[in-house]
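Add chain B to chain A, keeping to what the hints say.
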Amino acid sequence: MALTGLTACSTPSDDGGDAPQSDVTLTVSRWSGPQADAQQKLLDEYSKETGVKIRFDSIDYGQVKQKQTLNMSTKTGEYDLIYVPEAWVGEYTDAGYLADLTDMVKDESLTGAGWDYADILQSGIDVYSRDGKLYGLPYFVQTPLVVYDKDALAAAGLEAPATWDDAIAVAKHFKEDGSGMALPFRQGSAIVNIMAVLLAGDDADFFDASGKLDLTNPDVVDTVAFIQELSKYGLEGSNGWHWDEVNKALQFGQAPIGITSSGLFTALENADESQVAGKLGYAPIPYAKTPAGLLQTWGWSVPADSKNQEEAFKLGAWLTSKAIQKEMGTLDPSFISFRSSLADDPDLTANAPWLPTVKAALAKGVTVPLQPNAPALTDALSAGLSGVVTNGDDPAKMLQGVQDALASQF
Amino acid sequence: MTSTTAASLPKKRHTSAYARKDMRIALFLILPATVAIFVVMIVPLVYAIIASTFHYSLGQEDKAVFVFFENYGKFFADPVAMRSLLNTLIFTALSLTLCMVIGVGISVLLKSLSTRTGNVLRAIFAMPLLISPIIVSLIWRYMYDPTYGLVYWFLELIGIDGFGGLTNSVTALICIVITDVWHAVPFIILVASAGLTVIPDELYEAARIDGAGAMRTLFNVTLPLLTKTLVVLILIRGTDAFRIFDLIYGLTGGGPANSTTSLSIYAYKQAYENNQMGFAMAVAVITLLGLVILFGPLMRNSARGKDD
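Taken in sequence, the protein lines are chains A and B.
Numbering-wise, my numbering puts 354 at position 354 of the first sequence, and it's gapless, one number per residue.
Numbering-wise, my numbering puts 1172 at position 172 of the second sequence, and it's gapless, one number per residue.
What the hints contain is simulated information worked out from the structure, not anything from laboratory work.
Hints should not be assumed to be uniformly reliable.
[Claimed, not checked] Straight-line alpha carbon distances no greater than 25 angstroms define the calculated DSS-like cross-link-like pairs of lysine-lysine that follow:
no.	chain 1	residue 1	chain 2	residue 2
1	A	K364	A	K326
2	A	K48	A	K326
3	A	K289	A	K359
4	A	K232	A	K172
5	A	K397	B	K1074
6	A	K175	A	K279
7	A	K67	B	K1074
8	A	K75	B	K1063
9	B	K1074	A	K212
10	A	K279	A	K133
11	A	K150	A	K359
12	A	K397	A	K67
[Said to hold, decoys possible] Examples of chain B residues lying across from chain A (beta carbon under 10 angstroms, computed):
no.	residue
13	D1062
14	A1064
15	T1167
16	A1194
17	R1243
18	S1259
19	K1269
20	Q1270
Beta carbons are placed, not taken as given, at the ideal position from N, Cα and C, and that holds for glycine.
Next comes chain A alone, as it looks inside the complex:
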């Protein structure tokens, strides 16, 4: 266990036993979603070995932000360590809610020996940094990938699609063969996530260099035109699907290829649940110029009003250490660490064969727009893209419409 250097304030217990004692109680805020139970076990372990008491406030996702914001805005000091996704980082740092961790990550007395900051993927560091300062420790990432049945592609004499042209060729082949590519093209966040990755793979963006909304840029129009073209070769009905339905189609062998989210890969590789377990290959989302991946992240931040900032950081560093990240990955294969070295760890890749592909995709990791008004853009784009793939709406006109409606807000 990576506890070296983290138990400085712990003292032996009064009863003469070996269990360390500490008068520190840390309150940790996170949502009660995936990995909460596994994390609870690890935190119990940390308490046992350091004596630090931990109160784990694991609540419904819909209330996490509200509760964190309420506590930090009124400076209650209630929370010591908070679980923060990429979408909240800008708002929290702008409001001055988070402590600056830049110097702490360089202090081995806080991180523990061999913590290895350089091992964390730079794209993760970038998500939790503002103006050169670090405000969170990247902990966990999800990203969509192309998942394909290796046998089906080999039988068709095809290779895993890398570029846009490859993807169209493969999807067209299977469409003509009676199936097609399973695509999460229902009106919602998934289709916008995929658009963000496709844009990054085309070296394009929703915004121009000055930060203005730039949806009428020819590269953006080309990207949406590609989405429309690909949807023509989608598995019947997948224009109304989200990630879970794509996953089911892959799992039951109805789709030989599809785009789904890493959080659902475990079910695909579980022989009890999947007809294609052990037969699947993973590839980055098709690109026009360079492979790219989506950063849907969670990280650990220390609120600026915490009364135990150093102790909280020590816990955050422990949770993001290689040993603990590996333990999390072992407990739950869908847990993807930002630790570069773990992507090639044979103990993990045995159960999570997608890890090397995730690492390759996240070499150019991007997020969906994160500005305060971004949800309005995501909402408008998801509806517009839905019209493009279901009604055959003109991509250029759709983008022009969203640009006209929202340009003043960005």
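Below, chain B without anything else, positioned relative to chain A:
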């Protein structure tokens, strides 16, 4: 000369101590209900109306900015909001009409069967009512799946090809109406059947002797005597349909291309996806006003007693 009698004098109300005590007890007894109604209905409503005049985000109420009626203006200027209003009206009209016609029709048919058969069929028909709407949406989402859905299998069986289902802007709303009707008709059957039991058999006997056919009996005997029940059903089902959320959320999420976005879905997105709580409150208030305009007169009529 005029004479004044005791009877012609204006009555002076003398309330006995006993009656006054009765009144105090009555007021005391209705106090908890009054407080409960005030706390759970009036306070949130007033809060929503006040909140709709502010621009603020969830958890950042301290930074709220008073914008007066700007949120309401924004609603009527937004094409997506107008689309959601139109979708809601179309959905309500279609769902309510189909539910009433099918539900009352089945109830009348069941009444014509033997009591035992009628009860067995009524129990079978009531089953969808026991399923929560979000589960109904999940069941039908798979029923409407073009790859392995029962609906497509059946359509193919009868030679219909190319049905758009949930992935077509034109058919998606119709699919949701069908699902809602499947889920809501049992309620209509149960209530209408209860209403039919109080119609005296002698009236049907008289109609039969007078030579009235089935349709004439339905329109001249059954429906007129079922009016009060039907008004209540229209009120309950109509307001439910106008506030539709969970079925749409589970089936399409409002898509494709906003073709199934209802007012409730729109309000939810503004509140929890776009984080515009003030605007979402304005949408909620507009929804309430819509309900009052559409169903207020019916509500007033249904509350009238025989003496009104």
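Hints, verified against the model:
no.: 1; hint: A:K364 x A:K326; result: holds, 23 angstroms
no.: 2; hint: A:K48 x A:K326; result: holds, 20 angstroms
no.: 3; hint: A:K289 x A:K359; result: holds, 18 angstroms
no.: 4; hint: A:K232 x A:K172; result: holds, 8 angstroms
no.: 5; hint: A:K397 x B:K1074; result: holds, 23 angstroms
no.: 6; hint: A:K175 x A:K279; result: holds, 21 angstroms
no.: 7; hint: A:K67 x B:K1074; result: violated, 29 angstroms
no.: 8; hint: A:K75 x B:K1063; result: holds, 15 angstroms
no.: 9; hint: B:K1074 x A:K212; result: holds, 23 angstroms
no.: 10; hint: A:K279 x A:K133; result: violated, 43 angstroms
no.: 11; hint: A:K150 x A:K359; result: holds, 20 angstroms
no.: 12; hint: A:K397 x A:K67; result: violated, 41 angstroms
no.: 13; hint: D1062; result: holds, 7 angstroms
no.: 14; hint: A1064; result: violated, 13 angstroms
no.: 15; hint: T1167; result: holds, 4 angstroms
no.: 16; hint: A1194; result: violated, 39 angstroms
no.: 17; hint: R1243; result: violated, 20 angstroms
no.: 18; hint: S1259; result: holds, 9 angstroms
no.: 19; hint: K1269; result: holds, 6 angstroms
no.: 20; hint: Q1270; result: holds, 9 angstroms
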